[in-house]
Structure formats: C-alpha cells, structure tokens
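Residue numbers (my numbering), protein chains in the order written: chain C, 1 to 565; chain G, 1 to 368.
Hints were generated in silico from the structure; no laboratory data involved.
Be aware that a few hints might be false.
Simulated coverage check for chain G against chain C, where a stretch passes if three residues somewhere in it have a Cβ under 8 Å from a Cβ of chain C [to be verified]:
#	region
1	110-121
2	208-222
3	288-300
4	314-322
5	326-334
A quick note: this is a predicted structure, and the numbers were derived from the prediction, not measured.
The beta carbon of each residue, even a glycine, is placed where N, CA and C say it ideally should be.
Below, each chain spelled out in residue letters.
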Amino acid sequence: MTRTPAFTDTPAPAAATVRESASRPTLPAPPVVPAAEPGAWEGLVTSALLGTDRRTPPGGERGPGAAAALLDAAAAETVRRRAGLRPARAARRPVPAPEDHRPPLPGPAARRLTMLLTDRPGPAGGGRRGSAPDLMELLPQWLATANARGFAAPPQALPALLDAARGRTDLRPAALTFAGPRALWLARLNPDWRFALRAAQGGVAELSGPGAAERVRQLWDEGLFAERVALLASLRARDPAGARELLASTWATERAEDRLMFCDSLRTGLEAEDEPFLEQALTDRSRNVRATAAELLSALPRSALAARMAARAATCVSLDRTLSPPAIVVEAPHECDAGMERDGVTARPPGGRGERSWWFGQLVEAAPLTTWADRLGGRTPEEIVALPVADGWQSELHAAWCRAAVRQRDGAWARALLGAPTAPEAGGPGAVSLAERAKLLGTLDAAERAEWVAGFIATHGLSEAFQLLGMCAVPWAAPLGRAVVDALNIARDAGSYPWSFSGVMGLAERCLDPSEAGRLDGLLAIPDEPEDASPGAGGYWAEAFHRLVRTLRLRAEMDGELRAG
Amino acid sequence: MQGPSGEGATPEAEAPEAEAPVRGKRWIAGRHERAEEGTAVPSASAATAVTGDAEAARRRAQRRAERITAGATELEQRLVDLLRGGLAGAGQAGDALWEETAARMVDAQAPGLAARARELGSIPSSGPGWPVRLLEECALLHLLDQGWLRREELPDGLAATVRARVGLQATADGPPVRDDWLVLAQYDTADARLTTRRVWLYGPESDRTVLLLSYGAAGRAPELTLPVGLALDAEVSAYPGGAGRRRAALGRRFAPPRPARTRPGGLTTSQAAARYGDALRDDPWLDSVPVTLDRVVPVPDGDGWQLADADGDTALPLTRTAGSGSGLWRLVALAGGAPVTVFGECGHRGFTPLTAWPAGPGPAVPLC
C-alpha cells in the first residue's frame, strides 16, 4: 500500500483546481475550508502526529473539538491534493529498439508459444504428471522449428523467453536467436537478463565490414574472458590462420586456465595447420594445457606426435603367429620416459591402476588407428577386433582403441568395436562399456546410429538404452521408433510400473516421430492385469501411453502452426 | 503480487451479501439512476405502496441503518481519540485495536467501513511516509462517516455513492445499455476469504467504461471469464451512484464474444490526470479511474517507470506494485521505446497499466 510520491505534488495549482470547481456541489463535510496556503497540509500532518491535545492545528480551535476540526480540514485537503495532481516531467526516453525484419509468427503459433512459456511443472517437481504433456520440454523443439523458418518473436513474449533462457542454459542459443535484436535492447534495461548481452557479444556481425580488424583487436585485448572465447570461436570459423595469429600474439601473457580454454577451442575445426602451434604448446608450463595439446595433436593422424606415439604403441603390440589361432600379445612399457611425458602421457596412474597398463592405454589411444593394419598383418578393423588377446589384455586394448576411434572419428573402427547390436555381449558389461558405445555411435551417421540402437533395443530391451537413445537424431527414424514402442509394450506386459521407464518415456515424447502416434492407439486401453503384475500398473501404463500420444499429437499440431506462415 | 488498486481498494465494500433485503434497501436508497434523470417517484409514495412483506423488509433495512449509524458514530469517536493522542502512538497500539473495531463494523453490517478500519491498522507498518497516508485515510474515513450521518442532506448521486462505499448492497437497476462491449482488462485480487474478479468493459457506441465485479470463494476462480481483446454484444446496467461510480452488471448477451476489431480512444497524460481529479467530485473516496492513454512510451525513471507522452514532455509514474513484475516487462518489450496505447487505472498512487496495444496492427496484450 505504499504510495508512490506520484505526480508533481504542487500545492498551488492543486488549490487552483479546487477553487475552479468550488461552485459545483462537491463534498458533503467540511463547512469551513481553512487551509489553502502552501504548507497547510504539512501543518495538519504535524498536529496529527503529535496529537491535537498537544499541538493545535493551524487556524483551528483549541479543546475537544480540535480533533474533529482537524479531520474535517484533512479530508478537504486530501481530496484537494488528489484532485490537483498533475503529470510529472518525462524522464529521458530510451533509444528505440532496432527493427526486427523477420516475418511475425502466425497467430496460432504465437498463442502456442505463450502456452509453452507459461507451463509450470506440476506440484512437488518430479512427481507423476498424469497424462498431460510436459510443455516446457517441447520448447527446445519449438524454438528450433521457428528459427529454421525464420520467424520473429512477438515482442510481448520476450520477457518470458529471456526468463526461460536464464533458467536453462541449454535453451539459450536457440532462445536468443529467436528473441532477436529487441531482446538485447530489453536486456540492457533489466539486470536479470545480462546473460543475453554477454552471449551476444563477439558475435560475427561485429567482425565484418570496415574497421573490423581494429574492433577484433580491441575486443581481444580488452574483452571479458567469455567474450574473448566467443570471439576466437567465431573468428576461427571464418579465418583459422587469423585466429591462430591472434591467439599466438598474447599466448605468453595469458593465465594458465585461460590458455587451457583457448587451446581447447582449437578442437572445433582442427586442421593440419594447427600443428606447429600445438607442438609448441607441448612445452607449456601448465600440465593441463600440455595434455590438451597432445590430445589434439594425436587427433591429427599425420602429425609428428601421432607418428611418435605410433612408434611407441607398435613396440607394445605384436601378433604371435605360433599360437593357434594367432593372438595379440601385449608387452606394456616398462617406464614413462621424458619424451612420453612431453607428448602428453600422464606418468602417475589414478588410484588402483597399475602404472604399466596406464601408460600402455595412453599410447594406444594416441596412436593413429592406421598403425594397426600394418602391424597386424594387413587385417581389417573387424578382423583385428576379432583376434584373441593373450594374458587378459583384451579389455585394456579394446578400451584404448575405442577412445582412439572416437578421438579420430574413425567410422570403420567404431563399427568394428561396436560389433553387432544383437550380439549377447553387447547388452552386458563387455570389453566395451555402454558409455564407450554411446561415444562410438557418435562417429557414425544418423541412419546407421538409429539402426544399431534399434537392433540393440530389440535384443536387449530398454533398461540400458537411455544413453544410446540420447545419441540418436530427432525425430527418431522409423525402425528405431518402432523398436522403442515394441519394447515399452513388452515392458508393460511384463507387469512392472511405467516409472521404471520414465526416462525413456520422456525421450519418446520428445523424439518419436509424431506420425507414429496412430500406431500407439492399441496401447491406450487399460490391460487385464496378469497375476504377477504390480498392482494398478496397467492403469499407470495406459496413462503414460495417453500422455505419449497426446504429446505426439501436440508436436504435430505445433509443427503445423509454424508452417502456416 | 498485490493486484492493481481497483475502484476502491476495499473489495469488501462491494462484496455480495447472503440475504440482502434488496427492496427495503432500495427504499432506503430512495432512488436510483432514473431518479437522477428526473423520473423519480418520491420515496414516501413508494413507501405507501409497499405490501406487508415489503413493510417487514423496510423495518429490517431501518434496523440495519440504525446499526450502521451507531457504528459510524463509534468510528468517529475512535478517530477523534486517535487524533487527540496523535498518530505517532498509532504504531504502538498495533492493528489489533483496529481489527476489533473492524469486527464491530462487520456486526454493524457496514463492510465498507470495516474494510477501511482494518486498513488503518496496517498503514503504520507500510513503510516510509506512513503518517501522511494514515492521516489521509483517517480523514477519508471521517468523510465517509459524516457522509453517512448526513446522507439525507446530500445530493442524490453522492448519497448513493456514500451508501455503496459504506457497503450497502444495491441492485443494478440503471437502464440497460446495449453496445459492442470491448473487454479491456480482467484481473483477480484475493484475500483470505474471497477472490474478486474485475472486468473492465468499454462501449464504443455509448463511450462508457464500466466495471463488472464477480466473486469466488477463497482460492476459487469466479465464474465470469471474459478474455481481454474480445468484444461482446450485450446489455449492461449501472449500479446506483454518482457518475464516478462505474460498477455495472452484465445483462442480456446477444451473441457469443468474438475478437474485437476496435480499440478504445485514448487521452494524453495531462487529460488522464484531470479525469481523475474530475471524478473525485462525485466520489472523493475514489482511488483511481479507468483511462486509456494514447501514444505513450514506457520510460525508466530512477527506481521506477513512467508512461511519457510521445508528443509532449509530461508523464504519469507507474504505481509501485505495477512498476515491477512481468506485466511491466511485457509492456516495455511491446513498446520497444516507441509509442503504444495503454489502458489502466489512473489515481493518486500513479498509473497501473492493465492492457496495451502496439502502435501498428496487433491484438491487445494483457499486462495483469
């Protein structure tokens, strides 16, 4: 109930207003209007604060009638002051927001956006959602589609968009792209939205045109760390040599943690020309910088470091043809010499690991995979992976090859190491862990990935599938989607509760192709409960499938709304 | 968030009563809008025409008026005591004393007086400047007491306003006005007992802005829902009261609501301030009036915000409660530093924006 010291509260014109209207029938009460002079109100307030027994109001009478007279006068004065309020002087106006030239959203899509942005998770977060779709989870997809079609955000939606992006960093790039130039204008007015300004700085737009070189230099020399990282990334995308020169120009004076981030930023768009710079970074004062430089160099199969590592690794691995069938024999290094350390091998193993196997793993991981065909009798990756490994070295060797295949993005080796998805050992803890499999999948193209995961789910079910599904492109390819739905159906028939599969269910809601919704109709009914089923599970499953279908329909609808431009 | 300050910050004053002796009250009210237009039947002859039931109702109403008079007299004594001892002591007394007085005003069937009494108890803890606000509210309550005690001497319109402010229920018996009513704003305020929904309508044909009030039990939404931006071909009837009173009831509807194509015409900030000042003549207890501002720009001003004329150098400050929160930022984003049209409530606390329209084509954007 705080009262803003609102308008210009000038007593004189206020009094004038009341005098003007004095001829009209106005207020019932005070027969006498004592106080129209400036300061009269302040006098009344003082008397009221101290009490009329102690302070007689200005122009009023003493004694028991004084309080009533004060109230009369204060009533007249209050109404007088309110009636006489006038607008204040305008403050300095902000510079208008820049124009957004993109076409506006179609009406239904704009209303949908408002719904997506105002949806709040149900009570006691993480609880059961019933059969209502989780709208906030659909926002990333909606933003991606809206951006792909080049629509402008409705201005009134910008505050909610910025709030959403503030709370979820994963939403920021798409949300800020969609929010457009007016959002940056808005963010300058509200400290809560500073993040938008940071994210936008160093943008490519500022790095072209006349005077660009000076602006780049200035931002590099004076910018905040995040701005400099963004600058380096955007410059590297267009002018890799220029970016390297810029980085080299201040390298010696950068702090160790900054050097680490800058070095790591070369990972994107890594090319053979980066080798001299990285080779130099192998002698860096910071161990982390050295390790990163070595890792990047080993991902360049023609680099000198890769050749050195190949030579070291090759001496450890040989094919014993005297065995039947022939097998791989591993002789791990006996020491970690200065040359190995310089090339990024970490000498001290983590707790619980033997030194020699630790060094061995690092050598194989950093050696180009092309090394092994020559070393092991011209075999293909499949044949090499199929070779027995003597003396229990298989898991160490295969794990190192997995890391190498991911680092070198080698599809042929990844395929060989993944093996057939239907193989029995693929489901359990074999030589290659699930996390490693997920990473290996990342080196394959989208269709091959989906096919492999579909085969995996068909054989091994859903309990280990979450991480693998996360690697697949959205919307899921048809065979993958069907495999997931079939597996959910099997899980339901097995009588467990659906929340054991809530992670996969949530993924399915977001990733299943909406055109698959029709196939789910058969799953919506509450099934007869088998005797060994968990009580009530059938109803919960029906609810979960309802939500899945409703979410899919909603996604199809949302997509249609964004098409009707 | 506290809701915008409505027409009377005291929903209780307008709250429905369970068993209201409506006809008796009308007799007490003596007249309504038609009376002001000169077609009045003298109340005495109306009284002679009443039936036995009406006679009983009349007696009930009279007893109620007597109780209110006793309540108002007691309140007057409380105010005089407070002023004699000084407001400085009001903080220590706490609001328990005023709560108790408010409870007695409820017993006296004067919910409007009760709400004002309760508010007096909360002002000493309402932050800097409270003595001024407390004196203002004491004075306005005193004015209302006096208005009630001398209601026979008042002009008809003002007497009806006093009855409504005290909390007597009336019926919306003004002549029905048919128009293509534009829904300007809809917002709810809630206290422990009641959710109050306010819907502002504007009739382009009649050039009138009216307020529909509806209620829901605590925590429940009132039934009447009219989304902003729709137009409704319907009749509304005004409640009795001076021209400053805008409350009306929705009567017959002729078609379902549909998207509105028109916008209300707007004023400058100076005209808006003058409109509030003018409205105080008919209702000195009015906290704000509904106003549409045309071509105004939201401008940051120190800790707060104001709406500045695009074509002048004057501005209305936003109320403290409106100057934060998501509604303000929607308004700022919509404008983007350029002129917009804004509907809201303009009063002594400043301007509370409720709905805005972009400068170009585009639908109404609710801000509350």
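Do the hints match the structure? See the list:
1. 110-121: Coverage by chain C is violated for the region 110-121 of chain G (1 residues, Cβ < 8 Å).
2. 208-222: The restraint on the region 208-222 of chain G is violated, since only 0 of its residues have a Cβ under 8 Å from chain C and three are required.
3. 288-300: Satisfied; 3 residues make the cut.
4. 314-322: Result for this restraint: holds, n = 7.
5. 326-334: holds (count 6)
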